[in-house]
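Novice: Here are the chains, one letter per residue:
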Amino acid sequence: MELANTLRQDGESRGGVLAHLERLETQVSKSRKKLEEPQNAQALEARIHELKRLRDKLRAEVKQRQARVKASTANVEPDQILEISEQEILERKQENMKAILQAYRFTGISGKLTSRGVCVCISTAFEGNLLDSYFVDLVMEKPLWIHHHSVPVFIPLEEISAKYLQTNTRHFLFVLWEYLNAYSGRKYQAERLQSDFAAFLVGPLQRNSLCNLLSFTYKVKPEGQSFPFCARLLYKDLTTTLPTDVTVTSQGTEALPSTWEEQRAAHENLFFTKPLHQVFTSFAKKGEKLDMSLVS
Amino acid sequence: MDETLAEFFRRTILKIPMTEMMTILKTWNFLSENQLQTVNFRQRKESIVQDLVLLCEENRASLNDAAHLDIIYTQFHRHQKIWDVFQMSKAPGDDIDLFDMEQFKSSFKKILQRALKNVTVSFRDAEENSVWIRIAWGTQYKKPNQYKPAYVVYYSQTPYAFTSSSRLKSNLPLLGQALTVASKHHQIVKMDLRSRYLDSLKAIVFKQYNQSFETHNCTTSLQEGSLGLNINMDSRIIHENKVEKERVQRVTQEIFGDYPQPRLEFAQYKLETKFKSDLNGGILAEREEPLRCLVKFSSPHLLEALKSLAPAGIADAPLSPLLTCIPNKGKNYFKIRDK
Numbered sequence: 001m002e003l004a005n006t007l008r009q010d011g012e013s014r015g016g017v018l019a020h021l022e023r024l025e026t027q028v029s030k031s032r033k034k035l036e037e038p039q040n041a042q043a044l045e046a047r048i049h050e051l052k053r054l055r056d057k058l059r060a061e062v063k064q065r066q067a068r069v070k071a072s073t074a075n076v077e078p079d080q081i082l083e084i085s086e087q088e089i090l091e092r093k094q095e096n097m098k099a100i101l102q103a104y105r106f107t108g109i110s111g112k113l114t115s116r117g118v119c120v121c122i123s124t125a126f127e128g129n130l131l132d133s134y135f136v137d138l139v140m141e142k143p144l145w146i147h148h149h150s151v152p153v154f155i156p157l158e159e160i161s162a163k164y165l166q167t168n169t170r171h172f173l174f175v176l177w178e179y180l181n182a183y184s185g186r187k188y189q190a191e192r193l194q195s196d197f198a199a200f201l202v203g204p205l206q207r208n209s210l211c212n213l214l215s216f217t218y219k220v221k222p223e224g225q226s227f228p229f230c231a232r233l234l235y236k237d238l239t240t241t242l243p244t245d246v247t248v249t250s251q252g253t254e255a256l257p258s259t260w261e262e263q264r265a266a267h268e269n270l271f272f273t274k275p276l277h278q279v280f281t282s283f284a285k286k287g288e289k290l291d292m293s294l295v296s
Numbered sequence: 001m002d003e004t005l006a007e008f009f010r011r012t013i014l015k016i017p018m019t020e021m022m023t024i025l026k027t028w029n030f031l032s033e034n035q036l037q038t039v040n041f042r043q044r045k046e047s048i049v050q051d052l053v054l055l056c057e058e059n060r061a062s063l064n065d066a067a068h069l070d071i072i073y074t075q076f077h078r079h080q081k082i083w084d085v086f087q088m089s090k091a092p093g094d095d096i097d098l099f100d101m102e103q104f105k106s107s108f109k110k111i112l113q114r115a116l117k118n119v120t121v122s123f124r125d126a127e128e129n130s131v132w133i134r135i136a137w138g139t140q141y142k143k144p145n146q147y148k149p150a151y152v153v154y155y156s157q158t159p160y161a162f163t164s165s166s167r168l169k170s171n172l173p174l175l176g177q178a179l180t181v182a183s184k185h186h187q188i189v190k191m192d193l194r195s196r197y198l199d200s201l202k203a204i205v206f207k208q209y210n211q212s213f214e215t216h217n218c219t220t221s222l223q224e225g226s227l228g229l230n231i232n233m234d235s236r237i238i239h240e241n242k243v244e245k246e247r248v249q250r251v252t253q254e255i256f257g258d259y260p261q262p263r264l265e266f267a268q269y270k271l272e273t274k275f276k277s278d279l280n281g282g283i284l285a286e287r288e289e290p291l292r293c294l295v296k297f298s299s300p301h302l303l304e305a306l307k308s309l310a311p312a313g314i315a316d317a318p319l320s321p322l323l324t325c326i327p328n329k330g331k332n333y334f335k336i337r338d339k
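Those protein sequence lines, which keep their order, are chains A and B.
The opening position of the first sequence corresponds to residue 1 in the UniProt record's numbering, with each subsequent residue numbered one higher.
The opening position of the second sequence corresponds to residue 1 in the UniProt record's numbering, with each subsequent residue numbered one higher.
Keep in mind the hints are simulated off the structure, nothing from the lab.
Some hints could be false.
As the list claims (entries may be wrong) - Which stretches of chain B does chain A cover? Using the computed rule of at least three CB atoms under 8 Å from a CB of chain A, they are:
#, region
1, 100-109
2, 156-163
3, 206-213
Stated by the list, open to error - Pairs of lysine-lysine, DSSO-like flavour, derived with a Cα cap of 27 Å:
#, chain 1, residue 1, chain 2, residue 2
4, A, 236, B, 184
5, B, 184, A, 187
6, A, 163, B, 105
7, B, 329, A, 163
No experiment lies behind these values; they were computed from the predicted model shown.
C-beta: ideal position from N, C-alpha, C; glycine also.
With the hints as constraints, model all of the structure from the sequences given.
Specialist: Rendered as structure tokens:
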């Protein structure tokens with residue numbers, strides 16, 4: 001030991017007490033280190049064990065989770081597919097219902113529930129052509145009343161509702177449908193006559209709001225030569241589209257051809273039995289036939 | 001041409017604003033295209049009018065033609081007149097109305113001409129099977145005054161007729177009689193409804209002002225959510241009384257609907273009611289006779305103004321039924337008495 005040698009060689013110690021204390025201190029720290037080393041090693045070893053254990057534990061957990069996820073995705077997919085298809089089915093059903101509700105229009109009388117009652121839609125048609133629709137908004141209270149409507153003012157709505165609205169609402173709707181449908185049909189005939197057969201008319205077609213009185217002068221052939229007839233059609237039954245009274249007369253006081261009376265009677269009969277525009281279609285066809293016969 | 005007739009033509013054409021001149025002349029269809037082209041429309045108005053009057057003379061225009069032009073001018077300027085509404089009724093057992101326009105016109109004219117020797121009656125057919133009638137009144141001894149005519153607008157097979165308020169009120173019963181008999185009705189009554197806006201009056205009495213209906217076929221949904229209050233617009237703005245505001249909007253929408261209101265300029269209430277007071281005593285409280293007063297609401301568009309009162313916070317919702325019943329009852333004149 002160097003310290004001891006230093007002491008013996010000098011006789012009198014170098015540094016004295018302080019130096020001695022220093023020597024003692026270093027001795028202690030050296031011996032402490034020797035003591036700690038084996039402990040440290042132990043601690044380290046223990047720590048290593050612990051970490052290894054933790055590592056294994058975590059690895060195991062990771063594996064478990066992976067396995068679980070795989071399993072769960074395998075389970076979830078069929079469920080979700082089921083949900084999607086249910087939703088699709090419901091949506092398709094809903095669209096189907098909506099389409100059916102919209103198509104109810106074609107029955108003539110349809111409706112939609114409102115917050116206060118029902119809004120009835122009366123759809124009119126003639127000869128397979130869908131014409132105007134009219135609405136009546138009914139309030140379901142006692143007594144039943146009409147909130148607002150789009151029925152034209154010349155249709156006797158007040159009369160019809162006074163008779164049937166409270167006692168037999170179904171009949172009320174049916175009668176109203178009859179009036180509106182017939183009005184639509186008469187209007188359609190008058191409009192077709194004016195647009196498609198304007199060439200056959202001499203002067204304007206006179207009509208009124210209900211289209212239940214029509215008065216016009218016409219010729220059987222569009223160009224010039226034939227004799228003009230005056231027709232007056234009355235529709236006294238507002239629920240029909242064919243006239244109840246027909247009068248065909250001559251326009252002036254000129255001499256009438258011999259065949260005129262026959263023609264006149266025939267025309268009257270035509271107007272009674274066929275819709276207006278169809279009568280004129282038959283005139284047009286006859287004209288064509290005559291032309292053909294002339295050619296041949 | 002007679003001087004008075006020429007003067008009538010001159011004054012009638014002079015009334016027409018230059019912006020409408022060509023449209024009205026073409027609608028009148030009395031002067032041909034070629035004739036109109038000969039007129040220099042860049043002159044001063046008086047000179048243009050003079051040229052047009054000369055053309056009318058060339059064509060031998062009659063009083064009837066002048067009356068037609070007057071009708072067309074009035075149709076373009078219908079808001080310049082104030083219109084009353086009359087309601088006719090049929091006797092209970094009456095037949096179906098087979099309305100013949102020509103019969104109506106000749107019957108109407110005959111009734112007036114039989115009663116008054118001097119009267120000018122002219123007709124012009126209009127849309128939806130209606131007719132505009134112009135009547136210039138005269139007396140047994142005086143020629144008809146062409147400058148103060150009355151107008152009647154009648155839609156066939158309806159119980160309503162619209163007349164421009166004529167200052168010559170003495171002829172009103174005769175006019176009513178002519179209308180009633182010619183249209184095959186039994187009785188005629190003046191409604192408490194008056195306005196400048198003929199189309200609004202028609203919408204009210206024909207009940208055409210609310211034309212929104214719920215159907216399965218509507219592509220645009222009824223705007224139940226957006227009642228004009230965009231509450232979520234700016235998050236920095238806090239809307240107080242949200243619940244109350246929404247209630248007011250809902251009530252207003254229930255009463256007034258989503259449709260544009262028919263246009264009226266006023267509503268008048270004649271009150272003949274006893275004074276009611278919570279306080280005991282007071283001079284007025286002891287009064288036996290009812291008080292008479294007149295309350296008049298005026299507006300460029302009365303019903304829209306009433307509709308905006310509650311949402312603007314000026315009045316409580318719902319408004320008094322006396323105000324909200326106007327289009328439904330077809331009235332803007334009311335007499336209120338104690339029951």
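Novice: Determine for every hint whether it applies to the structure shown.
Specialist: Taking the hints in turn, this is what the structure says about them:
Note: the region 100-109 of chain B has 3 residues with beta-carbon separation from chain A under 8 Å; the three-residue rule is met and the coverage holds. Proximity of the region 156-163 of chain B to chain A, defined as three or more residues with a beta carbon under 8 Å from a beta carbon of that chain, is established by the 4 residues found. A count of 6 residues in the region 206-213 of chain B with a Cβ less than 8 Å from any Cβ of chain A is obtained; the coverage claim is therefore met, three being the minimum. Using a Cα cut-off of 27 Å, the hinted pair residue 236 (chain A) and residue 184 (chain B) holds, with the two alpha carbons roughly 15 Å apart.
Between residue 184 (chain B) and residue 187 (chain A), the direct Cα distance comes to roughly 23 Å. Compliance with the 27 Å bound is thereby established for this hinted pair. Taken as a hint, the residue 163 (chain A) and residue 105 (chain B) pair is broken in the structure, with Cα atoms around 33 Å apart against an allowance of 27 Å. Note on residue 329 (chain B) and residue 163 (chain A): the hinted pairing holds, with a Cα-Cα distance of about 22 Å set against a maximum of 27 Å.
The structure fails to meet hint 6 from the earlier list, while all remaining hints are met.
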